[in-house]
Amino acid sequence: MKRVVCSCMLMGVVIALMSISSAAESQAAAPAPVKCLWVGTASHNEPVMDDVLRDIKEHYPSVAVTVTENIDDLKTDNLKNYDVLFLLQVKVENGNPPDEVKQGIVDFLKAGKGLVVTHFAVANMQEWRDSIDILGAMWVSGKSTHGPYHEFRVDVADETHPIVEGVRPFVTNDELYFNLLMRPDLRVIMTANEERAGHTVAEPMLATHYCYNARCVYFALGHDVRSTQPAEYRKIIVQSIEWAACRR
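In my numbering, the protein residues as written are 107 to 354.
Keep in mind the hints are simulated off the structure, nothing from the lab.
Every residue gets a Cβ at the ideal spot worked out from N, C-alpha and C, and that includes glycine.
Among the hints, a few may not be true.
To be verified - Each computed DSS-like pair below joins lysine-lysine, with the alpha-carbon atoms no more than 25 Å apart: (1) K341 x K181; (2) K216 x K141; (3) K249 x K197; (4) K163 x K341; (5) K249 x K186; (6) K181 x K197; (7) K208 x K186; (8) K181 x K141; (9) K186 x K163; (10) K208 x K141; (11) K181 x K216; (12) K181 x K208; (13) K163 x K208; (14) K141 x K163; (15) K216 x K186; (16) K197 x K216; (17) K197 x K186; (18) K197 x K208.
Claimed, not checked - With beta-carbon atoms standing in for the labels, derived distance ranges: (19) G304 x P204: 42 to 52 Å; (20) A135 x G304: 26 to 36 Å; (21) G304 x D183: 50 to 60 Å; (22) L292 x P204: 23 to 33 Å; (23) E257 x E206: 34 to 44 Å; (24) T306 x E265: 19 to 29 Å; (25) H256 x N187: 21 to 31 Å.
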């Protein structure tokens with residue numbers, strides 16, 4: 107009888123140890139969230155991202171977002187604490203960031219960290235010559251433009267890219283940018299048709315490129331709260347951050 111009891115106890119200990127080991131392995135296998143520094147919550151000085159940020163916090167544990175409006179947070183000493191830099195609106199004077207901010211962004215990318223740029227950010231740093239190479243696109247005053255805010259469809263141009271995994275074409279209400287200065291080597295992933303001068307142009311809405319071998323994303327959408335409502339929009343934001351961090 108004692109032998110049976112001892113055997114049962116031993117088996118219980120073995121099972122418990124196996125459970126602990128399995129749980130530890132499971133925790134070890136789960137990567138830490140991508141640490142993302144998110145710069146700006148407004149486009150054109152109107153807050154638009156509060157609901158998006160709340161959605162990410164509640165439903166996307168793969169990403170941990172820190173929000174800032176402080177330009178000094180783009181200096182090297184602070185940026186080294188993050189995996190991805192997300193730019194919505196960068197408040198700099200005369201479209202030209204301070205030298206320490208420029209160096210911070212360059213050091214960040216040289217370290218292999220990722221960059222995601224959306225909507226209005228491409229108009230914030232027009233006087234920084236290198237911003238076209240870094241951001242992938244640049245709004246050029248007097249040349250770049252958009253038609254009236256309206257409803258349009260966003261199509262998937264490259265179904266093989268990890269950013270659009272599980273993303274289907276969707277309808278949004280937004281500003282459809284065109285005539286931006288863009289890097290010629292952008293990999294275009296999503297487009298939206300713009301009708302002008304009697305012809306149709308598939309304008310890039312989502313594209314990727316590399317800068318200092320770092321992964322970079324440009325996502326043109328996100329003018330106002332309504333523009334950020336589609337579930338596909340939020341999924342693209344999260345999966346862009348994950349891809350920029352080499353998690354996809």
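Tested hints:
1. Taken as a hint, the K341 and K181 pair is broken in the structure, with Cα atoms around 29 Å apart against an allowance of 25 Å.
2. With a C-alpha separation of about 17 Å, the suggested pair K216 and K141 falls inside the 25 Å cut-off, and the hint holds.
3. The hinted pair formed by K249 and K197 meets the criterion: a straight-line CA distance of about 22 Å does not exceed 25 Å.
4. Between K163 and K341, the direct Cα distance comes to roughly 13 Å. Compliance with the 25 Å bound is thereby established for this hinted pair.
5. With a C-alpha separation of about 36 Å, the suggested pairing of K249 with K186 is violated against the 25 Å cut-off.
6. Note on K181 and K197: the hinted pairing holds, with a Cα-Cα distance of about 14 Å set against a maximum of 25 Å.
7. Annotation: proposed proximity of K208 to K186 holds, straight-line Cα distance about 14 Å (limit 25 Å).
8. The hinted pair formed by K181 and K141 meets the criterion: a straight-line CA distance of about 16 Å does not exceed 25 Å.
9. Taking the CA atoms of K186 and K163, the gap is about 22 Å. The hint holds against a cut of 25 Å.
10. Restraint check: the Cα-Cα separation between K208 and K141 comes to about 21 Å, which is no more than 25 Å; the hinted pair holds.
11. For the given pair, K181 sits about 14 Å from K216 by alpha-carbon distance, which is consistent with the 25 Å threshold.
12. A threshold of 25 Å between alpha carbons decides the hint, and for K181 with K208 the separation of about 8 Å falls inside it, so the pair holds.
13. As the CA atoms of K163 and K208 are separated by approximately 29 Å, the hinted pair breaks the 25 Å bound.
14. The straight-line distance between the Cα atoms of K141 and K163 is roughly 12 Å, inside the 25 Å bound, and the hint therefore holds.
15. Of the supplied pair hints, the one linking K216 and K186 holds, its CA atoms being roughly 11 Å apart against a limit of 25 Å.
16. For the suggested pair K197 and K216, the alpha carbons sit about 23 Å apart, so the restraint of at most 25 Å is met.
17. Proposed proximity of K197 and K186 is supported: the alpha carbons are some 21 Å apart, at most 25 Å.
18. Between the alpha carbons of K197 and K208 the distance comes to roughly 13 Å, so the proposed pair stays at or under 25 Å and holds.
19. For the pair G304 and P204, the beta carbons lie near 45 Å from each other, so the given range of 42 to 52 Å is met.
20. The supplied range of 26 to 36 Å is broken by A135 and G304, whose beta-carbon atoms lie about 56 Å from each other.
21. Take G304 and D183: their Cβ atoms lie about 53 Å apart, and the range 50 to 60 Å holds.
22. At roughly 27 Å, the beta carbons of L292 and P204 sit within the given window of 23 to 33 Å.
23. The beta-carbon spacing between E257 and E206, approximately 42 Å, falls within the hinted interval of 34 to 44 Å.
24. Distance hint check for T306 and E265: the Cβ-Cβ separation is about 21 Å, which falls inside the suggested range of 19 to 29 Å.
25. Roughly 40 Å separates the CB atoms of H256 and N187, a value that falls outside the hinted 21 to 31 Å.
Consistency with the previously given hints fails for numbers 1, 5, 13, 20, 25, ordered from lowest to highest.
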